[in-house]
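Going letter by letter, the sequence shown gives residues 1 to 76 in my numbering.
Don't read these hints as lab results, they were simulated from the structure. Mixed in with the good hints there might be a few duds.
Ranges of calculated distance between the beta carbons of each label pair, as one might list FRET restraints [stated by the list, open to error]:
#1 V44 / L69: 31 to 37 Å
#2 R36 / T2: 24 to 30 Å
#3 T2 / L69: 51 to 57 Å
#4 E63 / Y10: 42 to 48 Å
#5 R5 / E53: 23 to 29 Å
With a straight-line Cα cutoff of 30 Å, these simulated BS3-like cross-link-like pairs (lysine-lysine) come out [stated by the list, open to error]:
#6 K13 / K42
#7 K13 / K24
#8 K24 / K42
#9 K13 / K33
For glycine and all other residues, C-beta sits at the position ideal for the given N, C-alpha and C.
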Amino acid sequence: MTSNRSLIVYELKREIALLSVEEKLQLRDDIDKQIRAVALGKSVSEIEAELEEMANDPDIQRELAAIELEFAGISI
Numbered sequence: 001m002t003s004n005r006s007l008i009v010y011e012l013k014r015e016i017a018l019l020s021v022e023e024k025l026q027l028r029d030d031i032d033k034q035i036r037a038v039a040l041g042k043s044v045s046e047i048e049a050e051l052e053e054m055a056n057d058p059d060i061q062r063e064l065a066a067i068e069l070e071f072a073g074i075s076i
C-alpha cells in the first residue's frame, strides 16, 4: 500500500471512530454490498433488484412463512 493510501486509510479509520454505532452499521452494510457486487461482477443496484424480486416471489414467501411457523414456538 502506498503512503498516500495509508494516509487515506488512517483518516477513514479516524473519521469512522467518530460515527455512532448506527452509522457504523449502515456503513458496514454499504461496504458489504459493494464487496458482494464486485465479487459477483454485478452492480449494487442489480443485486438489490434480484433480492427484491426474490422477496416478492410467492414461492419464497411461502417457504419463509413455513419456516416462521416451524420456529414460532421456539424462544432463544
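To see whether the hints hold, each was checked on the structure:
1. At roughly 33 Å, the beta-carbon separation of V44 and L69 lies within the given 31 to 37 Å, and the hint holds.
2. Take R36 and T2: their Cβ atoms lie about 26 Å apart, and the range 24 to 30 Å holds.
3. Separation of T2 from L69 is about 55 Å and conforms to the stated range, judged on CB atoms against 51 to 57 Å.
4. About 46 Å separates the C-beta atoms of E63 and Y10, a value consistent with the hinted range of 42 to 48 Å.
5. At about 37 Å, the beta-carbon gap between R5 and E53 misses the expected band of 23 to 29 Å.
6. For a cut-off of 30 Å, the pair hint linking K13 to K42 stands: about 27 Å separates their Cα positions.
7. The hinted pair formed by K13 and K24 meets the criterion: a straight-line CA distance of about 11 Å does not exceed 30 Å.
8. Pair hint K24 plus K42 holds up; C-alpha atoms about 24 Å apart against a cutoff of 30 Å.
9. Restraint check for K13 and K33: the C-alpha separation of about 19 Å stays at or below 30 Å, so the hint holds.
When held up to the earlier numbered hints, the structure conflicts with hint 5 and nothing else.
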